[in-house]
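Chemist: Numbering (mature numbering (1 follows the signal peptide of the UniProt record, and there is no 0)), first residue to last: -21 to -1, 1 to 250.
A couple of the hints might just be wrong.
To be verified - Simulated crosslink set (PhoX-like; lysine-lysine; CA at most 20 angstroms straight-line):
no., residue 1, residue 2
1, K111, K208
2, K211, K14
3, K49, K86
4, K14, K44
5, K55, K111
6, K55, K14
7, K79, K49
8, K111, K211
9, K240, K250
10, K111, K86
Unchecked claim - With beta-carbon atoms standing in for the labels, derived distance ranges:
no., residue 1, residue 2, range
11, S42, D62, 19 to 25 angstroms
12, G10, A66, 19 to 25 angstroms
13, S42, P243, 40 to 46 angstroms
14, Q77, S210, 32 to 38 angstroms
15, P73, Q(-2), 33 to 39 angstroms
16, K44, A232, 17 to 23 angstroms
17, Q35, P243, 35 to 41 angstroms
18, Q32, S210, 32 to 38 angstroms
These are computed hints drawn from the structure, not numbers from a lab.
Where a beta carbon is used, it is the ideal one built from N, C-alpha and C, also for glycine.
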Amino acid sequence: MRKSFVVSMLSASVLLGGCQAVNTTSGGAVGVERKQYMFSMLSTDEVNQMYAQSYQQTLGEASSKGVLDKNSSDAKRVQAIADRLIAQAPQFRPDAAQWKWEVNVIKSDELNANCGPGGKIIVYTGLIDQLKLTDAEIAAVMGHEIAHALREHGREAMSKAYGVEMARQGAGALFGLGQDSMALADTVVNYSMTLPNSRANENEADLIGLELSARAGYDPNAAITLWNKMSKASEGAPPEFMSTHPASSSRIASLQAAIPKVMPLYQAAKK
């Protein structure tokens, strides 16, 4: 996420509104029911639109470097898997059917993938090729990322980050202009997008991603093998993905406990 994505929001959105309690998705079979607190004037649509601009900039840079992958076997696999997962997203929030979903693959050794606000997906080839992911494992990681977008964890993190800065600097600082506003925007971006996700958010993405994969007809047990591969990969220099999605033994235990809840959905999808 870049400065332009946040700076344009400072005066127009966040400053005018307080927080409101929302639940961005239905609970599903996995039972994700936590209330979330968002700045009321930092709307879903605004965040989605602003992120789309940043996403297009990323694609433009990749294209100019000749690393935007549209036709390889990896790209075709990712698109086919994404189509099946996206078709299940309205199970958790009906408005996702109207999102302008995009799926792109970037050629890179980086072990990373993400799904930004509004359904903007990027998968890096290093994740697939170096970890030798199966289709079900790709579905597990993409389902996890899509779940972050459905739950609006990015918007939630931004709301919290603005609150931190308001408390630290005082509300008056938010009405500054020029360099002060730019510095504040940088701080908010760092808080909300570059630090590890909270354990609560990670658990929600794990559970919803697990259900999305099962509903799409991918074996939910692949989430276990995926995170085992991730853990092994992080033993040396941790991959970029692990900096914001830290692995833990409790993550795998939580997934194992949830698999029986979604296995009937997988079995129904396979019929």
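Chemist: Does 35 to 41 angstroms hold as the CB distance between Q35 and P243, or does it fail?
Modeler: Check passed, 40 angstroms falls within 35 to 41 angstroms.
Chemist: Given the hinted pair K14 and K44, is their alpha-carbon gap at most 20 angstroms?
Modeler: 42 angstroms, violated
Chemist: Taken at face value, is the distance from the CA of K86 to the CA of K111 at most 20 angstroms?
Modeler: 15 angstroms, holds
Chemist: Is it true that the C-beta distance of Q77 to S210 lies inside 32 to 38 angstroms, as the hint says?
Modeler: At 37 angstroms between Cβs, range holds.
Chemist: Are the Cα positions of K211 and K14 separated by 20 angstroms at most?
Modeler: Judged against 20 angstroms, a Cα distance of about 34 angstroms means the pair is violated.
Chemist: If you draw a straight line from the CA of K111 to the CA of K208, is it 20 angstroms or shorter?
Modeler: Holds: K111 and K208 sit about 9 angstroms apart, inside 20 angstroms.
Chemist: Going straight from one Cα to the other, do K49 and K86 come out at no more than 20 angstroms?
Modeler: Holds, at roughly 10 angstroms.
Chemist: What's the verdict on K111 and K211, does the C-alpha distance respect the 20 angstroms limit or exceed it?
Modeler: 13 angstroms, holds
Chemist: With a cut-off of 20 angstroms on the C-alpha distance, tell me whether K240 and K250 pass.
Modeler: 18 angstroms, holds
Chemist: Taking 20 angstroms as the top limit, are the C-alpha atoms of K55 and K14 close enough?
Modeler: 37 angstroms, violated
Chemist: Quick one: are S42 and P243 within 40 to 46 angstroms, going by C-beta?
Modeler: 43 angstroms, holds
Chemist: Taking 19 to 25 angstroms as the stated bounds, is the beta-carbon spacing between S42 and D62 within them?
Modeler: 22 angstroms, holds
Consistency note: the structure conflicts with the earlier hints numbered 2, 4, 6, 15, 16.
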